[in-house]
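Residue strings, one per chain:
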Amino acid sequence: MNKLGPFKIRFMPEKITYLYLDDNDKVTRDGDVELFNTISKDVEIKTDYPSSWKQRSKSIFTDLNHYDGIIIDWELTNQSQAAKEGSHEAEDVDFSAESLAEHLRVNAAKKNVKDIPIIICSADKNKAFSNLKNRELTRRDIFDLTYIKNDLFVKHVSESERQLFNLAIVYKLLQQSAFDVKAALDLSADELDFLDIRFLDTLEKISTTNTTHDLVYFLLQEFLLPEGLLINEQIVAARLGVDIEKSGDSWNKIKEVLVEEQICYKGLLSIGWSTYWSFKLVKWWNAISDKDLRTTSASTRVQVLNEKYGTTLIPAEKIKFCSSDEFWTVCKGTRRPLDPINGFIIGDYTSNPWLEVEYVSAYAELEKEDPNAWRISAIERVRFEKFKSKIVKND
Amino acid sequence: MIKRNDILSPREELKNFSIFLDQNPWFSSISVPHDLKKILSNNGKIGDVCKYSLVKFPFKNINLDRHVRPNWVSRLARENEGESRVLLEVACECNYNFDEDNISDPIIMLATKIIIQFDYFLDSNIEDPKTLQCSWHLDKHDPNKGASTSHPLYHYEYGGTEIRKTEGFNYGDFILMDSPRIMHPPLDLVLAFDFVIKNFYTYETHKVLTDDLLYKRYIKNAQYRLWRPYAISFASHFHDFNDIYTIDRAFADNILHCTNKAEIY
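Residue numbers (full-length UniProt numbering), protein chains in the order written: chain A, 1 to 395; chain B, 1 to 265.
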C-alpha cells in the first residue's frame, strides 16, 4: 500500500503549505517554524502577521488559494508595535483565533470556500489554554488539533510534521472523492463486522450529511485518539503483558510481528497517528494461544510470546497497591499497565459506546502533582476514599 | 394458561436492559455499565440468533457476610479492609422461539463464570495486595459429548479453570473437583446479573434497583424466555402435556441428565 493509504488521489501536490498567523514580529515567527521547515520534505509553513479583522477576514479567502491549512496562535492580540514590522499600514490585531476559525468553518460549510485543517497553538504553561484543550469546557470542535507551541515546532516536531501533512492530505482526499467506509478504514467487508455498528452508522451519517471538518473531527476525537476500537502502542503492550522499556529489542520484534499480521491501523490519518486495531490483536492472539487474553496473567502472556517468537520480553509489573496483573489498559496517570478492576474511573460516562472508560490507579491519584490533571468520577469517589483510608491505616 | 405475546426478542431485551442499568445510579456505582453497552456491538443484525460475550464484568464492593471463612477475612470485611468484587463472564448464543406451544431449548450455547475475589494486605503490606478467590461455573453441557458422571444439561459447578490457572495457588486444606454438578435453570446475561446482585448485595443496598418495576419486568421476561421451556420440559417427566405442547424430548431428557447415546442403544 502506498503511504497515502487506500484512497486514490487525483494529483499529488508538490508540497503542503500551511499559513501560520502569529502576532510576533517576522523574525520571531520565522524562527519558530525554522526547525519544522528544515526537517520536513512535504510540508512548508509560511508565517504572516494577523492584521485587523477588517483586512484578514477578507484576505483569508485569497490566502486559501495558496495554503492547505492554517495554524493560529491562540493569543493574537498582544498588539506589539514591533510585530507590525514598522509598516504604517499594518493595523492592530482585533480578533481572536476562534472568530477567524469560525469564519472559515461557516464559509466552508456553505461551500463558499474549501475546507482546510485549522490548528491552534499556544505557549507552554498557559493555564487558560490547558483548559481549552479540555474539550468539556469549550467548543474545541472548530479546531482540528491543539498543540503547545514548543511541542509543535520543537519537542515533537517530527511527529507533528507527519500529523500536519496527513491532515492536509486527508482534507484534500475527502473533498475530492466519495467517502467509502471500507477504504477509509482499510478493512474488508468481513472485518467491518467486528466493529460496533453504532460507530459505523455514525461515521456513515457524518460522511454523507456533514462537512469535511466534522468528519475529520469525528475521526480524530471519537476514533483515532481515544482508546476504543483503536489502541496505542502502550495499551497494546499492556494487553500483551509487556514492559516496553525493559524488553528493549524484543518489543521491537513483536511490533514487527504486529505489522506483519496487519494489526496496525492503515486507514485515513494513519500516517500521522500510529495505532492498532483492538479486535485484530485479540484475533491474532487467539490464533497463537488457546488461553483467553483478557483473563490471563501478564507473565503467562509474555511466556506465550517468548516461546512463539523466541523473544526475551519482560512482563510488566503491577502498579503499587494493585492486585491483578491481567492488564487491559494503562493508568492515565502513570501510563503503566493496569487491570481495570484495580482502577478508578475518571471523567464521565457520556463517551460513545465503542470507546473505553479511562482509569487511574490509586497510586497515581495519591501521587499526582497537578490536582487538575484528572478527576475521579463521582460514582467512584467513595470507593477511592475507602481504599485510601486502608492504605493510610496500614502505612 | 399464562401466555405472553408481548415479549421482545432477547436482543431487544438486552439492549433495553443495558440502557436501563446505565441510568441507574446504584448500578453505576458498583459496576461499569459502559462496558455492557459494548457487547451490543454486533447484535443489530437480521435474524433471531442473539450472540454475545461478556468478559470480566465487575461488580464492586460485594457484601461478605459474617460466616465467611477464614475468620480473619470476615473481620477484615467488617472493618472495610480490602476490596471485594464479583467478576462475571457470560458467553451466550440463543434464539427466540415465537411458537409458544412448541417447547424446545432457546439456548444454543451458554457458559457463565462467577468469580468472587477479595483483595487484602498480607502483614499490612500495602504495596502488593493479595487476592483470595473462588469461582462457580454454570454451563450448558454438550449432550453429544456424553457423560459418565451426572451431567444435567444446565449445571452449576464449583471451582473450575479460574482457580486452576492461578500458579502457586494455596489450596490449604481444601480440595477442588468437578463433581457434583448441580442442576440449575439456565442464566443468560439478564438472569446472571440478577443472580449476582441478589446473592452478593443485601436487599437494603440493591432494592433501589431491584424494586423498580421495570427491573422486575426484565427479569420476568428473561425467566419466561428461558425458564418456561425449562420448567415445562422438566415437569413433562411427571405429567403428560401431549395435548397442549409439542415437547422436544431430547431437551426434556437432558435436563435431568445428558445421556451418552451409546448408553441408550
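What the hints contain is simulated information worked out from the structure, not anything from laboratory work. What you are looking at is a predicted structure, and each value in this text was computed from that prediction instead of being measured. Backbone N, C-alpha and C fix where the C-beta goes; we use that ideal spot for every residue, glycine too. Among the hints, a few may not be true.
To be verified - Calculated pairs, DMTMM-like style, for lysine to aspartate or glutamate (alpha carbon to alpha carbon, straight line, at most 25 Å): (1) B:165 / A:30; (2) B:207 / A:380; (3) A:149 / A:34; (4) B:38 / A:34; (5) B:38 / A:44; (6) A:308 / B:167; (7) B:198 / B:100; (8) A:149 / A:44; (9) B:51 / A:44; (10) B:37 / B:212; (11) B:56 / A:193.
To be verified - Under 10 Å between C-beta atoms, here's a sample of chain A residues computed to sit facing chain B: (12) 189; (13) 191; (14) 211; (15) 255; (16) 258; (17) 259; (18) 295; (19) 321; (20) 328; (21) 341; (22) 355; (23) 379; (24) 386.
Just to be careful: measuring from the Cβ of residue 355 of chain A to every Cβ in chain B, is the smallest value less than 10 Å? Hint on residue 355 of chain A: holds, closest Cβ of chain B at ~8 Å, below 10 Å.
Given residue 255 of chain A as an interface hint, is the shortest Cβ-Cβ distance to chain B below 10 Å? Given a least distance of 25 Å, the restraint on residue 255 of chain A is violated.
Please check whether residue 295 of chain A passes as an interface residue: C-beta within 10 Å of a C-beta belonging to chain B. 6 Å, holds
Per-residue hint verdict: residue 341 of chain A, partner chain B, C-beta under 10 Å: Holds, about 5 Å.
For the pair supplied as a hint, residue 38 of chain B and residue 34 of chain A, confirm whether the alpha-carbon distance does not exceed 25 Å. 46 Å, violated
Against chain B, is residue 379 of chain A within 10 Å by beta-carbon distance? 5 Å, holds
If you draw a straight line from the CA of residue 207 of chain B to the CA of residue 380 of chain A, is it 25 Å or shorter? Holds. Residue 207 of chain B to residue 380 of chain A sits at ~20 Å (cutoff 25 Å).
Within 25 Å, alpha carbon to alpha carbon, are residue 149 of chain A and residue 44 of chain A? Between residue 149 of chain A and residue 44 of chain A the Cα gap is close to 16 Å, so the pair holds against 25 Å.
Are residue 37 of chain B and residue 212 of chain B close enough, with their CA atoms no more than 25 Å apart? 20 Å, holds
Is residue 56 of chain B within 25 Å of residue 193 of chain A, Cα to Cα? Distance ~23 Å between residue 56 of chain B and residue 193 of chain A Cα, so the pair holds.
Between residue 149 of chain A and residue 34 of chain A, is the straight-line Cα distance small enough, at 25 Å or below? Holds, at roughly 13 Å.
Is the hint on residue 189 of chain A kept, meaning its closest Cβ partner in chain B is under 10 Å away? 13 Å, violated
Hint compliance for this structure: hints 1, 4, 5, 7, 9, 12, 13, 14, 15, 16 and 17 are broken, all remaining hints hold.
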